[in-house]
Amino acid sequence: GDSVTQMEGPVTLSEEAFLTINCTYTATGYPSLFWYVQYPGEGLQLLLKATKADDKGSNKGFEATYRKETTSFHLEKGSVQVSDSAVYFCALRGGSNYKLTFGKGTLLTVNP
Amino acid sequence: DTAVSQTPKYLVTQMGNDKSIKCEQNLGHDTMYWYKQDSKKFLKIMFSYNNKELIINETVPNRFSPKSPDKAHLNLHINSLELGDSAVYFCASSQGAEGYTFGSGTRLTVV
Chain A
454 GDSVTQMEGP
464 VTLSEEAFLT
474 INCTYTATGY
484 PSLFWYVQYP
494 GEGLQLLLKA
504 TKADDKGSNK
514 GFEATYRKET
524 TSFHLEKGSV
534 QVSDSAVYFC
544 ALRGGSNYKL
554 TFGKGTLLTV
564 NP
Chain B
-10 DTAVSQTPKY
0 LVTQMGNDKS
10 IKCEQNLGHD
20 TMYWYKQDSK
30 KFLKIMFSYN
40 NKELIINETV
50 PNRFSPKSPD
60 KAHLNLHINS
70 LELGDSAVYF
80 CASSQGAEGY
90 TFGSGTRLTV
100 V
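Residue numbers (the working numbering), protein chains in the order written: chain A, 454 to 565; chain B, -10 to 100.
Heads up, a few of these hints could be off.
[Said to hold, decoys possible] Label pairs and their computed distance ranges (CB to CB):
| hint | chain 1 | residue 1 | chain 2 | residue 2 | range |
| --- | --- | --- | --- | --- | --- |
| 1 | B | Ser(-6) | A | Thr481 | 29 to 39 Å |
| 2 | B | Val100 | A | Gln534 | 16 to 26 Å |
| 3 | B | Ser(-6) | A | Ala470 | 35 to 45 Å |
[Stated by the list, open to error] If you want a taste of the chain A side facing chain B, the calculated C-beta under 10 Å gives, among others:
| hint | residue |
| --- | --- |
| 4 | Gly494 |
| 5 | Gly496 |
| 6 | Lys513 |
| 7 | Thr554 |
| 8 | Gly556 |
| 9 | Gly558 |
| 10 | Leu560 |
| 11 | Val563 |
Derived by calculation from the structure, the hints in this document are not laboratory data. For glycine and all other residues, C-beta sits at the position ideal for the given N, C-alpha and C.
So that you can see chain A by itself, here it is in the shape it has in the complex:
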């Protein structure tokens, strides 16, 4: 079945540092890929998405590129802020199934 593996946290960075959170997936067919963010005490918010190979999703300075050859969708940001502290989830949605399969989440803490 479909699965998502993302790097284990927690990740702790200083403000303005470069961020990478790795995400790889296993799926049949051609899934759509997503990154969601969950701030403390809140629900999940869609951060960015990509629906086909080589697509780049971007939002709020975050980027991720759909790499079919490496089955990856790594999240990057050039300069993190304290306000980026949250849990980040990589997810995929495969084929005709509406189900969104999530990775285990990565806790990011950004210190001033």
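Given chain A, work out where chain B should sit, using these hints.
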């Protein structure tokens, strides 16, 4: 004008009780979901309805029963609550191949 709203936000109840969580979306989406998030933040799908029809029913105890009176509402009823049911329950909705829109969650604590 909240897109996906869940009630209640917090629910504390004793073992053995029956409780319900309500979810409503005003986005016009056809599909709604219930997810459970455990203490380690792991998210697992429980149920999904598309236009009031059950399309996903994961391995969930029979004590959990979803009900969708119309495509804008998906409620979750839980019978005979157990300590292990303590978690945050998220409702979500989607349209076609787009990403989900999540509610803010219901934190259920069983004591």
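Hints versus structure:
The hint said 29 to 39 Å for the Cβ distance between B:Ser(-6) and A:Thr481, and at roughly 35 Å that hint holds. Checked against the hint of 16 to 26 Å, the C-beta distance between B:Val100 and A:Gln534 comes to roughly 39 Å, which is inconsistent with it. Checked against the hint of 35 to 45 Å, the pair B:Ser(-6) and A:Ala470 passes, with Cβ atoms roughly 36 Å apart. Proximity of A:Gly494 to chain B holds as hinted, the smallest CB-CB distance being about 8 Å (cut-off 10 Å).
At its closest, the beta carbon of A:Gly496 sits 4 Å from a beta carbon of chain B; the interface hint therefore holds under the 10 Å criterion. Interface hint status for A:Lys513: violated, as the beta-carbon distance to the closest one in chain B is roughly 15 Å, over 10 Å. A cut of 10 Å between beta carbons decides the hint on A:Thr554: the least distance to chain B is about 8 Å, and the hint holds. Taken as an interface hint, A:Gly556 checks out: its beta carbon lies about 9 Å from the nearest beta carbon of chain B, inside 10 Å.
Checking A:Gly558 against chain B: minimum C-beta separation of about 4 Å stays under 10 Å; hint holds. Below 10 Å, beta-carbon pairs count as interface contacts, and A:Leu560 has one with chain B at about 8 Å; its hint therefore holds. Given the 10 Å rule on beta carbons, the hint for A:Val563 is violated: about 18 Å separates it from the nearest Cβ of chain B.
Hint violations for this structure: numbers 2, 6, 11, all remaining hints satisfied.
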